[in-house]
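Could you build all of it, start to finish, from the sequences and the hints given here?
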Amino acid sequence: MFTSTGSSGLYKAPLSKSLLLVPSALSLLLALLLPHCQKFFVYDLHAVKHDFQIWRLICGRIICLDLKDTFCSSLLIYNFRIFERRYGSRKFASFLLGSWVLSALFDFILVEMMHYSFGITAASNLPSGFLAPVFALFVPFYCSIPRVQVAQILGPLSITNKTLIYILGLQLFTSGSYIWIVAISGLISGMCYDSKMFQVHQVLCIPTWMAKFFSWTLEPIFSSSEPTGEARIGMGATVDIQRQQRMELLDRQLMFSQFAQGRQQRQPQGGMINWNRLFPPLRQRRNINYQDGRQSEQAASPPLEVSEEQVARLMEMGFSRGDALEALRASNNDLNVATNFLLQH
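Quick note on the UniProt record's numbering: the sequence shown kicks off at 1 and runs consecutively.
Simulated from the structure, these hints should not be mistaken for lab results.
Keep in mind the model is a prediction, meaning the values are calculated, not measured.
One thing to keep in mind: the hints can contain errors.
Said to hold, decoys possible - Restraint ranges, calculated between C-beta atoms of paired labels, are given here: (1) Ile120 / Cys59: 20 to 26 Å; (2) Ile54 / Ser144: 31 to 37 Å; (3) Cys37 / Thr121: 34 to 40 Å; (4) Glu226 / Leu26: 25 to 31 Å; (5) Phe108 / Gln199: 18 to 24 Å; (6) Gln149 / Leu218: 36 to 42 Å; (7) Ile54 / Pro207: 20 to 26 Å; (8) Trp209 / Val22: 21 to 27 Å; (9) Gln149 / Met315: 24 to 30 Å.
Unchecked claim - In silico EDC-like links for lysine to aspartate or glutamate, alpha-carbon gap of 20 Å or less: (10) Lys91 / Asp194; (11) Lys91 / Glu316; (12) Lys68 / Glu112; (13) Lys12 / Glu316.
Each residue gets a CB set at the ideal place from its N, CA and C atoms; glycine is no exception.
So this is what it looks like as structure tokens:
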């Protein structure tokens with residue numbers, strides 16, 4: 001109910017899986033077994049600027065030395081794995097690389113502004129870790145993930161499917177003295193890259209040959225199989241809620257199976273599939289009069305009007321216009337459900 005990224009685990013998200021396992025394992029290794037080596041991973045901008053220790057820009061911005069930051073950033077990366085499924089691993093890696101590089105520049109700018117405006121120099125020693133790209137991912141999360149209200153509290157305040165993610169981000173934002181500098185630089189770099197400002201998405205991107213190399217070498221190691229188990233129903237739910245969840249689950253499974261069958265049976269000339277005929281929405285199926293034998297395709301309701309804005313969003317993710325139209329009609333214009341259809345098939 002509170003997730004906005006589906007429940008398919010790390011399926012089709014090998015890069016997210018590697019970011020969860022490798023930096024977290026190294027953070028634990030440094031904290032528990034090699035504490036004397038932590039000095040090599042301190043993010044010290046003063047040493048970079050005055051002693052030209054450029055290597056600290058790399059080492060200090062990969063591994064978290066604070067285990068609380070490691071835990072929060074890992075949870076956020078897991079929830080942001082939906083963008084790797086939408087964009088593809090190469091485009092997702094390019095976004096992380098671009099925001100990682102740009103945030104280093106904004107770190108210097110913000111630290112110098114604090115020094116000349118308030119005389120604060122302690123901010124040169126910033127929190128270590130892969131934090132700026134995590135904050136940068138909040139930009140596409142805010143802009144492209146649909147907001148679904150779950151509960152209403154205190155009048156205008158409400159709990160949505162995105163509330164928990166924002167709470168995790170706030171926890172990470174307040175975990176240290178100067179982590180807000182890293183957070184702001186990450187958000188600014190995310191906005192620059194997401195808005196394609198100054199064409200940074202073309203300059204800071206993963207080359208095709210490198211993407212193919214890592215796809216051939218590392219993707220088999222970090223790839224995950226498609227989950228097959230049926231989603232569990234919440235134990236604390238009432239009978240009505242459980243019944244509703246089961247009906248929605250069966251409805252989704254039926255859509256998935258018929259969507260796959262429709263693609264296999266599609267003619268070579270690429271004719272469109274009548275999704276309203278194949279997948280009538282759940283509410284319409286409840287109201288079908290099974291005793292009336294005159295139900296036919298001619299008596300069906302007219303095709304559902306599809307939002308061109310949502311079609312454009314799906315096409316930006318790499319799907320064809322035909323598939324985007326079919327998925328939106330099948331999901332009753334629900335962008336989140338339509339995206340899940342297309343990602344899993």
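Hint check results:
1. Ile120 / Cys59: 20 to 26 Å: 24 Å, holds
2. Ile54 / Ser144: 31 to 37 Å: 35 Å, holds
3. Cys37 / Thr121: 34 to 40 Å: At roughly 26 Å between Cβ atoms, Thr121 and Cys37 fall outside 34 to 40 Å, so the hint is violated.
4. Glu226 / Leu26: 25 to 31 Å: 29 Å, holds
5. Phe108 / Gln199: 18 to 24 Å: 22 Å, holds
6. Gln149 / Leu218: 36 to 42 Å: Once the Cβ atoms are compared, 39 Å apart, the range 36 to 42 Å for Leu218 and Gln149 holds.
7. Ile54 / Pro207: 20 to 26 Å: Check passed, 22 Å falls within 20 to 26 Å.
8. Trp209 / Val22: 21 to 27 Å: 22 Å, holds
9. Gln149 / Met315: 24 to 30 Å: Since Gln149 and Met315 have Cβ atoms about 27 Å apart, the given range 24 to 30 Å holds.
10. Lys91 / Asp194: 11 Å, holds
11. Lys91 / Glu316: The given pair, whose Cα atoms are some 12 Å apart, holds under the 20 Å limit.
12. Lys68 / Glu112: 27 Å, violated
13. Lys12 / Glu316: Within the cut-off at roughly 18 Å; holds.
Violated hints, in rising order: 3, 12; the structure is consistent with all others.
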